[in-house]
Structure formats: C-alpha cells, structure tokens
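The primary structure of each chain is shown beneath.
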Amino acid sequence: MTTPKKDFLHSLWDFFCSLKLIMFLLIALAAISIIGTVIPQGIPPEEYIAQVSPAKIKLYKALGFFDMYHSWWFILLLYLLTVNLIACSIKRLPHIWKIVTQPVTTMNATLEKSLANVSIIHIANDPALLKEQTASFLEKEFAKPLVTEQDGAWHLFAQKTPWCRLSVYFVHLSVIIIFIGSMIGSIFGYKGFVNILEGETVSKVMLRSDEELDLGFSLRLEQFSVAKYSSGAPKEFKSILTVLENGKPVPDYINARVIVNDPLTYKGITFYQSSYGNAGNYFFTVTDLDGKNSVPLTVNSQSSVNLPDGSSMHVTEATDDVSPFAAGLSGPAAQVELHSPNGETESFVVYANHPELNIEHAKEHGKGPVLQYKGAEERMYTGLQVAKDPGVEIVWLGCFLMVFGIYFAFFLSHRRVWVRIQNGTVTVGGNANKNQGAFQQTFEGLVDRLKTELIKEKE
Amino acid sequence: MNSSMLFNITTFAYLISMLVFFAFLASRAKVVGTAAIAIAYAGLFAQSVAIALRWKESYDIGVGHAPLSNLYESVVFFSWTIVLIYVLLDIKYKYRVIGAFVMPFALLGMAWAQLGMNAGIEPLVPALQSNWLLYHVVTCFLGYAAFAVACGISIMYLIKAGSEEASDKAAGSGLLAMFPPMRVLDDLNYRSIMIGFPLLTLGIITGAAWANYAWGTYWSWDPKETWSLIVWFVYAAFLHARITKGWVGKRAAWLSIIGFAATIFCYLGVNLFLSGLHSYGGK
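Chains as they are written, first to last, in our numbering: chain A, 1 to 459; chain B, 1001 to 1283.
Chain B with its partners taken away, still in its complex shape (with noise of 0.2 Å):
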C-alpha cells in the first residue's frame, strides 16, 4: 500500500460520498445521510493516511519534506482541509446535508490532482526550505477550506431564498425541505467565515514573517500578497455586513460566494494568470 493507492481510493470515497448525499436529498431518509457522512470519514481517513505516507516516503527518497511543496500537493491538502472543516462543523451543528454542496468541492480537488497533475515527490528548492512553509501553508488552506465550505452554504441560502421568493406556499416540499432553515443557514455561513477569517489573517502574517525573514520585506504587492488581501478584505466587508442595514441576507451569502471565487482566484488564477513570487516549483 502506497500513499498514490490510497489517494485514489479517497478520490473513489469522495465520489461515492457525493454521490450518496445527492441521494440523500432525493430521499430524504435519514438513514442515507448517514451513509454519506461514514464514506466521507473513510475517504479523510485515507487520505489523512496517505499525506502521512506520503510524507514519510519523501524521507525514504531522502528529500524529506512536509507534502505541502507544490500544486499537487497543495491542491490535495485542500481537499483535505476541506473535508475536515465539513466534518467538524457536522460534529458541532449536525445539518448532514450541507455535505452535498461541499463534498463536490473536495472532490473536485482529489480529481484534479489524480487526474491531471504530476504527482511525483520532488525535492524543495532553497526558498522553501524554512519550517513557516508548513505554518503558513496551513493556516492558509484551513481558512481557504472553511470559504469553501460558507461557499456551499451560501449557495444553499441563495437557492432557498429564491425558492421561497418564488412560491407563496412554505417551501417544505421537494428537495429543499432538506435545507436548514434560512436563519441556521445564515448562521452557520457566519460561524464558517468566523473559523475562515482568523486563519486566512493567520496565514497572511505567516507569509508576511516568512518573507521579512526570506526576503527582508514583509510585503511587497506580490500578485499573490494582493490577492490573499483583496480575500481579506472581501470577508472583512462580510463581516461588518452583518451589522449594516440593508446588507444583512442575500447580499451577505453573495458577498461569501464572491469572497471564495476571490479565494481561488488567490489560490489558482495568480499562478495560471499572473507571474510572481509564488509559481509552485516546476509549473
């Protein structure tokens, strides 16, 4: 059993999970939620195994390093992070069928890497070698993971919100009877943005200390500095929406969905697009 085995079989997990939620808003048996969130925990499981595996089999190569160096890599922990934010906000707040609009996106993440990417292990050039890569590339990714997860539930509230608009009667039938109630689910995109937005300013002031300590300048308008504050600022704005009148509900969830479309932006679009200092080793 190696760690690339393992990632397939969370990548499987995941789709069958996904897969499995969709169903359970179909049925609405409770029975199969539970099911979605068991093959949910068995694909974190395997792939909390396999970054563990694949972190020690970077030391069996001798090039030993944390599997957080490269897009690959990066784009796996995502989905891990992402998984976990989902689980944890399951343990604490117990609407299982969020899974169904979160769960696509760590899906979506393990499919990439498994399909798409390169996804050899490879030593780490000079400017990674500093143990904030590991602090700062977590700190950002958990904060990136719980955008991702407010995304899905906003999604959620705009579509509830629209239906409800749409139909006099109480919107308990068909699919969205399985929604939370708009109010929990304004909520619960706050109480994500509230564990995303400490990290995310956790993960910029990591960066920023890795860079005085690298470079001798803790910001230098580098595209991916700009945009991890654009991000900042986008959920600031959120946050402070929710004391100001007339930005209180459906322009607060758009305000969530446009801070994650700015987070991938920050995550992906500044390497594809535009050039700086953070370009991934080889891409």
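Excised from the complex, chain A in its bound form (with noise of 0.2 Å):
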C-alpha cells in the first residue's frame, strides 16, 4: 500500500520521531529565549519606551515579543518538543523494550561476532561440571545466569541493571510532567499581591490578571519592622500576621511571623513577604515669612497635597535626626518636593529644629509660604505576594524523576555476560551498551579469575 496519503501520514511520523527534530528544536529553543531576556517582559517601562522607536515597539506588540513565553510560536515550539519525545519514545521503546524483557539467552556465531568482548577459555572436563562451576562463579562474582541447553552445548546468560535502558524514556516523560504540572498551576492556581497597613484586616487580594480574589479568610497585619545590619543593609523584613476566620483569630495562626524565606501558608495559599513601605502621616505648619497665620498641614506619605498658594508638595524622605546627613545640624527634618503652578519642581529640606533655615530658604525663594516640619507618625505596611499552585507538587515529582534519569542514564550500563560450554571450550562473550572501556576492564578481570576457578577445581 503505497497511496500518497499513507506516504504524507508516513513521513510526517519520520518527520515528528527524528532525531534531527529534536536538535533543530533545542537549538531553537536556546536561540529564540534569548530575546526574551534582552527586551523586558510584561508591560515596557517608560525608559524602555523612550529608547525604542514606536514602529519597533508596535512591532514587538504585534509579534508579542513583550510577553513571549507565552507567546503562540514560542508555546507551539514547546508543544513540537513534547510530540517530539513522545514519538522518538513510542518509535524506540519497543525494540528497547524487547531487549530488557526478553533477553537473547544464548550466544550463536552471529551475537559472538557482534560482541567486543570475547573469551575463550580451553579445558578438558565434564561439559555439566564446568557448567555448574561457570553458573555459581557468575552468581558470586556477576550476575545470577540463567542456564539453557541447546543443540548440545550449555549455555549461560547473566545481566546486569538492564532496567537502566529505560532511564532515558524516565528523563523525557519527567519533561513532559513538569510541562502538566505547570499548566495545572496556570489553570488551576493563581498570583496576587496584598498591601495591608498595620492594624489593618483585609480579605481580598489583587491577582495579576487584576481581577480581585476573596481569599474567604481574612488576614490582620499586626507589626512589620525592619531590622539592620551596623552598616545599615537590611537585615530582615518581618510581618506579623494573624489569620482570622469570620472575624475570629484562627489558633496557630495568631501573630504568625513572615520574614523573606519563610512564608505563611493558610488553606493552601501562600503569604511571602516582598516589599514594604510607610504609609504613616508627616506634619508641618504653614506660615508667613514673619512667622503669623500659622496653619496646621498633614501630608500623606502616599500622596500630596495642595498648599495655599496653589502648588502641590510630597514628602519623599524623612529622618528622625538629621544630623548624619548635615554636619552641624540635628532633630527631624523632611525631604519634600515642590511642584509650582507654573510647571517648576523644587526639593528641599524642612528642619523642625531649625526654624531659621526654614526661614532663609523661603526668603531666597520669594515671599515664602515658609514650612515647619513637625515631625512624623510612622505607620508601615507589607506587601505580601499571595500564591496558589496546586501542580507543583508534579512539578516536583517530574524534576525528582529527571534527576534520576538522568543519573541512571548516564552512570549506569546494561551489562550482559553470555557462556558457551562445548567440546573443551568455554566461550565467554560480553557487552555493555555503554561506557565500553570500562567494562572492557571488568570483562577482562572476570574471564581471569574464571579461568584460574575452572583450572583449580578441575585439579
């Protein structure tokens, strides 16, 4: 049956189980990843917008560079790669296979000649007596053998871990459960993110696809504090957390400690702390140069506000002692920025005690307002990365299984030992599929030992 369409159907499985395949797609694979680490993933900063021309980034747009390991050509690649093993393995592991479960047990002319290693041991003794000496010799020293009698001579077969053949078939199948435990996790499992200021219960999380979640628990944070090294690198970020379930605290979860490294998993969601920040108040007043109508002014550490005479101020640093920074000087001081009506930006620094610089600095700039800074009420608030992945618990059991296929794959051999007894001679015939030179050493060693067994027992 030669029709073309069993040609095309026939070529097209020469196609998906060659080797050449399967190189073409990893070099692939190698190449094309690289874009994505050199144009950056998810939405472009603005920097990156502003460097890049607007044709190119529509291009990128449009080709889907800017997300593009989740591309439609980059996943189809990795769906050409999983019908690729799959049909490498469906073509080989048969013949694989049959060698591993049904074993050629005698040695004829041809297998003696296909074999590296071949041996042949002369001795005039009972052809049923050498045998039983061969088979508890290779017992002992190799394997159990397997004994058969045909066409008048003994024949003996011993193997060594012939289940290794199949480790390279574990190490593509571990491929293929990490790609489902991965796609378990994208189907099945989410990742969000929670702000949660001190004091504050929430119950709902933002998820990436910006949806909102109900977690159907809530969740207190009772502390966060930052701890620091003498040379001021931080040294650990640490949230305390208690989970509460319809408004009351859950035991074990009361005041549940969350640092980098050591998240807080709850109903199978998971708590890691990622970022952090203040989101407490910074007070000033607000006077003349001459220091009349004094007027009280909150600003948020997370927003601005607008100043009587129309422009609008941030707060972007503030210290309790100032005097690291300033030589001379001392007490709070705040960083602030100013943005005028008129489009101009100033930042400078507001001392509490330091009236006067606070003064002069009005007056170099005109007629003032001129700013007190009076201090700060401190209130933080973690940023928790929320997770869900029900399928990397496979992920897991796929990358144990490479691991060891891998190893299995590499460091162990299929060893197989034949014996011929037949008119005096003892033929001995070994193979290992791979790393030959060894076992090349191991064969030689044991047919040594063998022989001067079958000359001392014979005597």
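Hints were generated in silico from the structure; no laboratory data involved. Note that the coordinates shown come from a computational prediction; the quantities given were computed from them, not determined experimentally.
Taking lysine to any residue pairs in the SDA-like style, the calculated list, with each CA pair at most 25 Å apart, reads:
no.: 1; chain 1: B; residue 1: K1092; chain 2: A; residue 2: F408
no.: 2; chain 1: A; residue 1: K363; chain 2: A; residue 2: P308
no.: 3; chain 1: A; residue 1: K191; chain 2: B; residue 2: W1210
no.: 4; chain 1: B; residue 1: K1094; chain 2: B; residue 2: L1176
no.: 5; chain 1: A; residue 1: K434; chain 2: B; residue 2: R1191
no.: 6; chain 1: B; residue 1: K1056; chain 2: A; residue 2: S231
no.: 7; chain 1: B; residue 1: K1245; chain 2: A; residue 2: N431
no.: 8; chain 1: A; residue 1: K267; chain 2: B; residue 2: W1210
no.: 9; chain 1: A; residue 1: K228; chain 2: B; residue 2: L1128
no.: 10; chain 1: A; residue 1: K388; chain 2: B; residue 2: P1126
no.: 11; chain 1: A; residue 1: K267; chain 2: B; residue 2: Y1213
Put the two chains together into one complex, using the hints given.
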C-alpha cells in the first residue's frame, strides 16, 4: 500500500521521530529564548519606551515579544518538543523493551561476532560440571545466570541493570510531567499581591490578571518591622500576621511570623514577604515670612497636598535625626518636593529644630510660605505575594524523575555476559550498552578469575 | 595567616601551574607534567583552606555564612570547582596535558577576583538567608566547572582536528604530539558534560525550589533563569548530537564551546548587561 496519503502520514511520522527535529528544536528554543532576556517582559517600562522607536514597539507588540514565553509561537515550539519526545519514545521503546524483557539468552556465532569482548578458555572437563562451576562463579561475581541447553551446548546468560536502558525514557517522561504540572498550576492556581497596613484586616487580594480574589478568610497585619545590620544594610523584613475566620483569630495562626525565605501557608494559599513601605503622615505648619498665620498641614506619605499658593507638595524622605546627613544640625527633618503651578519643581529639606533655615530658604525663593517640620507618625504596611499552585507537587515529581533518570542514563550501563560450553571450550562473550572501556576491564578480570577457578577445580 | 593571603598564594600557584603546563606541552617531559599538576594540587589545597578560613572569618565577625554570597566569592568558588573537576578527571583518565587548557580558566577567575574585586565579607541580605543558597550555588558551579573543562577539551579537539586536516602526515610532531587522540578527546568532552549536565539540572531545580519557597513561583522567566535554561538546551542538544548523524565530532565540539560561552553569559553577562533577581548584592 503506497497511496500518497499513507506516504504523507509516514513521512510526517518520520519527521516527528527524527533526531534532527530534536536538535533543531533544542537549538531554536535556546536561540529564541534570548529575545525575552533582552526585551523586558510584561508591561514595558517608560524608560524603555523612550529608548526605542514607536514602530519597533508596535512590531514587538504584534510579535508578542513583551510576553514571549507565553506567545503562541513559543508555546508551539514547546508542543512540538513534547510531540517529538513522545514520537521518539513510541518509535524506539518497543525495541528497547524487547531487549530488557526478552533477552537473547544464548550466544550463537552471529552474536559472538558482534560482541566487542570475547574470550575462549580451553579446558577438558565434564561440560555439566563446567556449567555448574561457571554458573556459581557468575552468581557470585557478576549476576545470577540463566542456564539453557541447546544443540548439545550449555548456554549461560547473566545481566546487570537491564532496566537502566529505560532511564532515558523516564527523562523524556519527566519533561512532560513538568509541563503537565505547570499547566495545572496556570489553570487552577493564581498569583496575586496584597498590601496591608499595620492594624488593618484584608480579605481580598489583587491577582496578576487585575481581578480581585476573595480569600474566604481574612488576614490582619499586627506589626511590620525592618532590622538592619550595623552597616545599614537590611537584615530582616518581618510581618506579624493573624489569620481570621469570620472575624475570629484562628489558633496556630495568631501572630504568625513571615520573613523573606519563610512564608505563611493557610488553606493552600501562601503569603510571601515581598515589599514594605510607610503609609504614615508627616506633620508641618505653614506660616507667613514673619511667622504669622500658622496653619497645620498633614501630608500622607502616599500622596501629595495642595498649598495655599496653589503648588502641590509631597514628602520623599524623612528622618528622626538629620545629624548624620548634615553636620552641625540635629533633630527631625523631611525632604519635600514642591511642584509650583507654573510647572517648576524644587526639592529641599525642611527642619524641625532649625526654623531659621526654613525661613532663609523661603526668603531665597521669594515671599514664602514658610514650612516648619513637626515630625512624623509612622504607619508601616507590608507587601505580600500571594500564591496558590496545586501543580507544584507534580512539577517536583517531574524534577525528581528527571534527576534520577539522567543519573541512571549516564552512569549505569546494561552489562551482559554470555557463556557457551561446548567441546572442551568455554566461550565467554560480554557487552555493555555504555562505557565500553570500563566494561572491558571488568570483563577481562572476570574471565581471568573464571579461568583460574575452573582450572583449580579441575585439579 | 588569613584567607586573603591564602587566596593570593592560590592565584600565584595557578599561574605557575599554568606556565609549567605550557612548558610540559613544549618539552614533552613527563616530569614537567607531574610538577605542573603537583603545583595545581598545592593551589587547590591552599584554596580549600582559604575558603574554609573565610567561612570561619565570617563567623568571627558575626555575620556567619557560607562564602558564596557575592560576585567575589562566587568567582573564587568557580575557580576552585574548575581545578577540582580537572584533578578528578586526571585521577580517573590520566590525560595530564588537558591542564594546559583548563588551568587558564581557573587562573583567570582567581586573578580577576583578587585584582579587580572588593574582597570584604558582607552580611547576607534577607533574600539570601536560606539553606537553599548553599545547595543552589554548589550544584550550579560544579556544573559550570565541568563545562569549563569540557570547553578546554573541545578547544584541544578542534586544534587537533584542524592540524590533521591541514597536513596528511600524522600529526605526531610538535606540541600536538602531547594531545590525546581525537577519539579520546571526544570521549572526555562527553564525560565532562556527563558530569556537568546532571549538576546543572540540579542547580536549576534547586533554584526553582528556592524561588518557589521564597516567592511562591518556581519559574518566572527572569533573565538568569532563562539563560540557565538556554545553557541546558545547548547541552541537551550536545547530548543528542552524539547519536545524530552529521553532528558527531567537530560540530559537537563547537556545541560544547557555545555551551560554555552561554554558561559564562548566564553567570556574568546576565548580571552585567541585563536586570533581574540575581544581583550579587552590592554590584
């Protein structure tokens, strides 16, 4: 039957089974993956858009370069890889399976010629006795042999780790298991984010898909703290959280500690320490140049306020003690940024203990108003990553299988020894599917010892 | 004696070892080869002590952690693993001359670390405070080192293949006489990658496990992750090349060299040119 249709299917099958395809796919995946490490993934940042021409941005968007690892063509390559893996396995597995499960247990002339290691021992003794001696030798020194009698000759066959021939298929299977695990994660799991102020309780988190998710329970931030090394480098970011069901704290989840590298899991949802910030208030007074008409002003750290003259102001940084930054000065200070109605921006420091400096600054810039810093009320918030991934165990299973599969595939070999006892000769043949050099030494040692043993027994 | 002095001694030992290996190539005297590897051993010993000492010193100043936390420490460790993999290969297969093509990598690492980098011991930032750091870094760098050795062997293979093509007479003269036969080089290349590939796989998996534990996502296509996968793809291609018609020999050697170039980019290039999760602290 050589209808064109069958020919087409046949060649399609051959195409998917070919090693050339896997070489192409691996190299193509390696090369294409580079794109996404050079072009930022996700929503391109403004600085990037400013650098690149609009035409290019449009082209990249059309090609899916800003989310290339989820683009149809990248996924297609992964699918092709999967199909290729499965096809190769289907094509080669039956043959390997036969070698493993139905070994050739007798060594005929053809097999003998094909073997890399063959040794002949001449010894005139009773064949049945030689068979017994060789069998017990092999069992002791190599593996328990299978003994058969055929055409007046005794055949012994012994093998080690035949199943390691299958390990490469387990590696291929592991790749597919990892894909399945990641698909389960992306279908049934989610990733999200939540900011919680100290003392605040939340029950909803924002997902990456911009949807809001109801957790089904709530979470209260009792406290957030940052510990620092003496050098000023951060040592620990710590959130103290309490889980609440119907408004009541859940035992074992009261004042639970979450730090980087030590998350909190409740009902399959895990919360990871990710970021933090201050959402507290800064307090100022605004006066005229002569210190009259004092008006209190509260600026939230997350927003800006409008001043009487129409400019807007926000606080970029504040400290309880300015002395490390400015010699001779002391006390609290705040760095503020002013945007005046005419579009000018200025950034300067407002002090609490040095009103004269504040007045001086206002004078330099005209008529005022004068700002006086009064201090801050800190209110920390914590930023938590929220994730649920029911596929992750399957991914680990795949990884586990991959590591062991690779190890067995590389470092174990299927070693076989045949012995034929006939007409006063003991012919030993051996073969290994990998690492022939090492097997040759093993084989030669084995034959030497067998020879010594058989001769010794004879005497 | 402190770790810093010992690292300087190590660098010097690797320099001398490399030069003696070159002399070995030229002289073909066995005793010179023995001297070269003996110096490499001495350097490896000094470096091992130095790494252990630096570990202890970090505890002495109260910020105790394994010396694998920043660019300096990683380059030093990389250099250590390269020499380690080379001497293991030498113990097993006894092709000493490979040292002439491997020691330069180790020397380059040490020289760069000692001359160009800040060697201060710094406390661990919160993101690195995990036991996963040790497993992840050790497996990755042992893998990288095996690839470095494979790259050196592949360069030898290509030099030898080139000279055999150029002249019909057996390349039994000059420096190349010291080279193992092409068949052996090809085999050693494969064996090095056989050591490196499972280690890289473990390194990627431990990294994924750590990321999952710390951030709730085992894979986020961060440039470092992606580049490690690129390296994995290249060596997976190398392993399949050995059973693919038309890919054996020179092409496989080139794949091994490209693989190591990708490894170096994954290790350094990503940090120097791209942005992402692996920032080596202060850099």
